[in-house]
Amino acid sequence: MFTRRDFLQWAAVTASITGFSGSLTKVAAQQKLTQDDLLKFDSKGQVTLLHVTDIHGQLKPLYFRPPSENYGVGAFEGIPPHLVAEDFLKHFNIDNGTPLAYAHTMVDYVNMAKTYGRLGGLDRTATLIKAIRGDRGDDKVLLLDGGDTWQGSYTSLKTNGQDMVDCMAMLKPDAMVGHWEFTFGAERVLEIIDQMDYPFLAGNIVDNDFEEPVFESTKIFEKGGVKVAVIGQAMPYTPIANPRWMFPEWSFGIRPEVLQENVDKARAAGAEVVVLLSHNGFDVDQKLPTVVSGIDVILTGHTHDAVPEAIRIGTTLVLSSGSHGKFLGRIDLEIKGGKVVDYNSTLIPVFSDIIEADTEMAAKIDDVRAPYEAECQRVIGKSEGLLYRRGNFNGTWDDLICQGLIEERDAEISLSPGFRWGTTLLPGQDITIDDLYTQTSMNYPSVYRLEMTGETLNNILEDVCDNLFNKDPFLQQGGDMVRVGGMGYTVRPKEEIGSRISDMVHLKTGEPIEASKSYVVAGWASVNEGTQGPAIYDLMETYITRLKSIPQLENNTIKVVGM
Amino acid sequence: MNVTRRQTFVIGAGAVAFATLGASITPALSASDTEKIIADFIGGKEPVSGKVKLKTPEIAENGNTVPISFTVDSPMTEDNYVASVLVVAAGNPFPPVATFNFSAMSGKAEASTRIRLATTQDILAYAKMNDGSVFLDKKNVKVTIGGCGG
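For the record, the sequence lines run as chains A and B. Under the working numbering, the first residue of the first sequence carries the number 1, and numbering increases by one thereafter. Under the working numbering, the first residue of the second sequence carries the number 1, and numbering increases by one thereafter.
Read the hints as simulated data drawn from the structure, not as lab findings. Please read all numbers here as calculations on a predicted model, not as lab measurements. Keep in mind that the hints are not guaranteed to be accurate.
The calculated label-pair distances, taken between Cβ atoms and stated as ranges, are [as the list claims (entries may be wrong)]:
(1) Ser112(B) to Ile79(A): 32 to 40 Å
(2) Ser133(B) to Arg267(A): 35 to 43 Å
(3) Pro512(A) to Ser133(B): 53 to 61 Å
(4) Ala39(B) to Lys494(A): 31 to 39 Å
(5) Glu46(B) to Arg312(A): 41 to 49 Å
Result set (DMTMM-like, lysine to aspartate or glutamate): computed pairs, CA atoms no more than 20 Å apart in a straight line [claimed, not checked]:
(6) Lys55(B) to Glu211(A)
(7) Lys138(B) to Asp472(A)
(8) Lys44(A) to Glu334(A)
(9) Lys139(B) to Asp342(A)
(10) Lys53(B) to Asp342(A)
(11) Lys55(B) to Glu257(A)
(12) Lys55(B) to Glu212(A)
(13) Lys55(B) to Glu261(A)
(14) Lys55(B) to Asp472(A)
(15) Lys53(B) to Glu496(A)
(16) Lys227(A) to Asp342(A)
(17) Lys471(A) to Asp73(B)
(18) Lys55(B) to Asp207(A)
(19) Lys138(B) to Glu261(A)
(20) Lys139(B) to Glu496(A)
(21) Lys287(A) to Glu58(B)
(22) Lys139(B) to Asp472(A)
(23) Lys139(B) to Asp73(B)
Yeah, the Cβ is synthetic: ideal placement off N, Cα and C, and Gly gets one too.
Build out the structure end to end from the sequences listed, making use of the hints.
Here it is as structure tokens:
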């Protein structure tokens, strides 16, 4: 929960920015807000949980534009995390034009980004963590990594995640969980876990043959004189959303009954607080406390939602700490007689121009990047407009990728996965190899080219849309809608599967897509083994190099109805 | 077509696991064939919920081999035991998956297996007690194309 005091101070900082129009200089903004302001917090009780999640390989500060649409359906419509822009600001009582407004919304994004600068950077996060550990005492603080840490950059791809493993080790986390980690393959995952000084917890992964646990589920820590159990929950639909052949022996799933057993076991072993370190996604974790009892705190990730305070579901607190290193989540707990009697929570925005870099971590980051730095900095083009990914149906980065797929593979229609990772470029910024790989770094990058009937295309759109908008969150897989190039459509998120997609139209000809007709389709990130074609990052490097300058992209081809 | 013979397994004591039943060479059953198999099994009783608990994944990781299991709450005594359990995959070309037969000697009425699911559909487990009463549990399993999460 934001304390009123924090709000007042931040509001005071921003009072002079009322009527903000981009005229304020960055220096002025930085002088107003200090590292100490960011760290101000009304500490509570015996235990502090620090949460980072979905860093996606991002060691350096970055721009990340929050989405302009993030629809919820059914019971989850119009509540966090399904609030954007002014609705978000109003709900959380944040003034427009403030640093917090910039960290959490896309309102006046470009001006705000120019004023307040980049967020994140693991060296800045290291400073915050050290400060909090220093203030609270190591014996009270647990640092938990929610996963999607090892994948998402040029260097993470080239080092098989080792850059992230080495840098994260310096933060000395107490435990982690995973999702994209598994796309390095089972063998590599086990090899890294072997190197780690802290446990990789995942109670919901079992082997396919006998349904026996593959990983430790739980670790019990003693913090501030309190026994704290941390249970790990990996992304339940990893073998569906990502290639199952990369970890063929392992089965995932939400497995609430297994979780309940693990919670009960932890309680029986004396745990006074039970924390679920979860990669379920926000809505799954809003439902989870209604079917599993005894969890005090869920630190949730996967859906990249940055919600400025913990929300309460019954007696369970759910904290969602955003993505890409933009935020450090903090929740303090006061425990009496095996119960949480008081708490305070916040997401600390990691303003990179305000927070001093931790020198050891900065040196380590330079060190792991050194062999690749020149290549990372290589400029391949320039963006005239804003390039971003997040959004339920499209983002300009994916519009560009969809265009590249069509042109480079001579296709009629293109499909690009609805990933939520990937950073933002401001108008006028160079596009570097580093930038390109924030959108495309992965271990199954082949771009296929094949014929699909209109019926198949419709089935794919309906299928993915149901992953996003099924009214039962346990059936949501957590990504956004598949991005489409060369084809427009109308979508009704509140309908049922089979009735959401209509008016599919081939943009080039203006003709309706016919169910029985075949179309040449190019796409990437197929979960099928043996997919043939060039890697998406190579294809897009060629395409961007050829275009040189990317104009501001507009996408008016998707009509959303009923929201 | 003699479905019940091919689809019936006699279960010994305790839980067992066995492989998927192939139905590829058998022509698809009509809806009325399936209804008849269910009607024959329940013998005119109205299935009620309770006692039998079916466990399935929410979403199949691999539609070709979906792990399912059931347990039936019963003392499994000579006077009060589970006689048999019929598992039906309502959306498959060949819906009756298997009939599991039990006796008081079985000790407990539970089993697990893997089945192939053609598409998103309901899985039904009918549990028939020795007194002829029938209990039903139903779970929907989603089969998706996958590949776009993250």
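Going through the hints against the structure:
A beta carbon spacing of about 38 Å between serine 112(B) and isoleucine 79(A) agrees with the range 32 to 40 Å that was offered as a hint. Distance hint check for serine 133(B) and arginine 267(A): the Cβ-Cβ separation is about 37 Å, which falls inside the suggested range of 35 to 43 Å. Checking the proposed 53 to 61 Å range against proline 512(A) and serine 133(B) shows it holds: the Cβ atoms sit about 54 Å from each other. One distance hint, 31 to 39 Å for the beta-carbon pair alanine 39(B) and lysine 494(A), holds here, with the actual separation near 38 Å.
Range check, glutamate 46(B) to arginine 312(A): about 42 Å between beta-carbon atoms, so the 41 to 49 Å window is met. A hinted pair counts as satisfied when its Cα atoms are at most 20 Å apart, and lysine 55(B) with glutamate 211(A) qualifies at roughly 13 Å. Annotation: proposed proximity of lysine 138(B) to aspartate 472(A) holds, straight-line Cα distance about 17 Å (limit 20 Å). Our distance criterion of 20 Å between C-alpha atoms is met by lysine 44(A) and glutamate 334(A), whose separation comes to about 6 Å.
A C-alpha spacing of about 39 Å is found between lysine 139(B) and aspartate 342(A), which places the hinted pair above 20 Å, so the restraint is violated. Taken as a hint, the lysine 53(B) and aspartate 342(A) pair is broken in the structure, with Cα atoms around 39 Å apart against an allowance of 20 Å. Restraint check: the Cα-Cα separation between lysine 55(B) and glutamate 257(A) comes to about 10 Å, which is no more than 20 Å; the hinted pair holds. A C-alpha spacing of about 16 Å is found between lysine 55(B) and glutamate 212(A), which places the hinted pair at or below 20 Å, so the restraint holds.
For the proposed pair lysine 55(B) and glutamate 261(A), the alpha carbon gap of about 16 Å is at most 20 Å, so the pair holds. Taking the CA atoms of lysine 55(B) and aspartate 472(A), the gap is about 18 Å. The hint holds against a cut of 20 Å. Of the supplied pair hints, the one linking lysine 53(B) and glutamate 496(A) is violated, its CA atoms being roughly 27 Å apart against a limit of 20 Å. Between lysine 227(A) and aspartate 342(A) the alpha-carbon distance is near 17 Å, which keeps this suggested pair within the 20 Å criterion.
Annotation: proposed proximity of lysine 471(A) to aspartate 73(B) is violated, straight-line Cα distance about 31 Å (limit 20 Å). Taking the CA atoms of lysine 55(B) and aspartate 207(A), the gap is near 17 Å; set against the 20 Å cutoff, the hint holds. Simply put, lysine 138(B) and glutamate 261(A) have alpha-carbon atoms about 23 Å apart, too far for the 20 Å limit, and the pair is violated. A hinted pair counts as satisfied when its Cα atoms are at most 20 Å apart, and lysine 139(B) with glutamate 496(A) qualifies at roughly 18 Å.
The hinted pair formed by lysine 287(A) and glutamate 58(B) meets the criterion: a straight-line CA distance of about 14 Å does not exceed 20 Å. With a CA separation close to 14 Å, the supplied pair lysine 139(B) and aspartate 472(A) stays within the 20 Å bound. Taking the CA atoms of lysine 139(B) and aspartate 73(B), the gap is near 18 Å; set against the 20 Å cutoff, the hint holds.
In this structure, the earlier hints numbered 9, 10, 15, 17 and 19 are contradicted, and the remaining ones agree with it.
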